[in-house]
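Undergrad: With the sequences and hints as input, model every part of the structure.
Here numbering that gives the first Met the number 0 is used: position 255 in the sequence shown is 254, and no number is missing along the way.
It should be emphasised that the hints constitute simulated quantities derived from the structure, not laboratory data.
Mixed in with the good hints there might be a few duds.
Dumping the calculated SDA-like pairs for lysine to any residue here, alpha-carbon to alpha-carbon at most 25 Å [unchecked claim]:
1. Lys107 <-> Asp59
2. Lys104 <-> Ile90
3. Lys104 <-> Thr283
4. Lys270 <-> Tyr98
Computed spacing ranges between beta-carbons, pair by pair [said to hold, decoys possible]:
5. Phe233 <-> Ala201: 54 to 62 Å
6. Gly192 <-> Val58: 21 to 29 Å
7. Thr287 <-> Gln68: 30 to 38 Å
8. Arg53 <-> Lys297: 14 to 22 Å
9. Ala83 <-> Ala300: 40 to 48 Å
10. Thr96 <-> Phe226: 36 to 44 Å
11. Arg296 <-> Glu169: 46 to 54 Å
Glycine included, C-beta positions come from ideal geometry on N, C-alpha and C.
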Amino acid sequence: MHPVLIDFSFLNIGWIFTWFFDLLGREPPGAFKLHTYGLMIAIGFLVGTQLGAREARRVDLDGKGRFDQFILDLTFWILLVSMAGARLLFIIVEWDTVYSRDPLKMFKIWEGGFVFYGGFLAALIFSVAYSRAHGRNFFLVADTLIPSVALGHFFGRLGCVAAGCCWGVEVDPDFPLAIQYPAGAQAHASMVGAGVIGHSAAFTPHVHPVQLYEAFGELSLFFILIFTRTIKRFHGQVLLTYLFLYPILRTSLEFIRGDKARGEYLIFGAKVSTSQIISILVATAAVTLLVTLVRRRKAAAAPTAQTAPA
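TA: Here is the structure:
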């Protein structure tokens, strides 16, 4: 038997409310659908926020609980800014093929269409400005929150599996991890539109579960970042670790991504995606910033060493 991804793009949780209202002796309002993708995003955000606040309490500099409240306030704005940034980058990438023909589709966010890098970079820029405006050390703030980003992304990619987005390239049916998507999933609809399969096809061809690869890559990265935070030498080291390692993970997996809603460009005879280009720029910036911070740290320590008593 080959693995087949059944249709669980939503969870019918009406029975929970039926049971609850039975306890109250009232008529339940009925069942409704809770989309798994949104559920996973919500779980990732809530868990990440609480982990960030917990770490903020541990490293609270003034001992008055203000840093954890700052983190909670910041994460609320990060949620809004990152969603807007992720949507904006998707619109830019897909403008010629989708939104130039029907601009109103830009506002139909329930149909999907987000790019992680767009949200991450928007949140990063906003966090720098927000931290400065409140007199906070941005690198300390980033080290506090960046493991939560990796963990939240882990949950988000699990949501992608359920929604049928960000799927992988076609693979041999005998491949042990191969999955298929049923009619109604985003992958199925996209393949029908591209002429890969017919409207009557019950399932897509077998594909790589790229979302799961990235999900567990992110989970591994989360633990690496937690460890790095315990041994770091300077603020910003955890952030730079993420900015260097995640692009490697993302660039590698882009080679087996099967969805085309991420842009493809021919550079020096090789096809690269939007995310691969951004990954190269992010990793380069991380290395450059690391060298700069290390030099500053050495320069700051030099006068102390020179004035130390013999």
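Undergrad: Confirm or reject each hint.
TA: Okay, the hints, checked on the actual structure:
1. For the suggested pair Lys107 and Asp59, the alpha carbons sit about 41 Å apart, so the restraint of at most 25 Å is broken.
2. About 9 Å separates the Cα atoms of Lys104 and Ile90, which keeps this hinted pair within 25 Å; it holds.
3. Annotation: proposed proximity of Lys104 to Thr283 is violated, straight-line Cα distance about 35 Å (limit 25 Å).
4. Our distance criterion of 25 Å between C-alpha atoms is met by Lys270 and Tyr98, whose separation comes to about 23 Å.
5. Between Phe233 and Ala201 the CB atoms are about 56 Å apart, so this pair conforms to the stated range of 54 to 62 Å.
6. Between Gly192 and Val58 the C-beta distance comes to about 50 Å, which lies outside the given range of 21 to 29 Å.
7. Checked against the hint of 30 to 38 Å, the C-beta distance between Thr287 and Gln68 comes to roughly 33 Å, which is consistent with it.
8. Range check, Arg53 to Lys297: about 33 Å between beta-carbon atoms, so the 14 to 22 Å window is missed.
9. Taken as a hint, the range 40 to 48 Å holds for the pair Ala83 and Ala300, whose Cβ atoms sit roughly 41 Å apart.
10. In this structure the hint that Thr96 and Phe226 lie 36 to 44 Å apart at CB holds, the actual value being about 42 Å.
11. Checked against the hint of 46 to 54 Å, the C-beta distance between Arg296 and Glu169 comes to roughly 49 Å, which is consistent with it.
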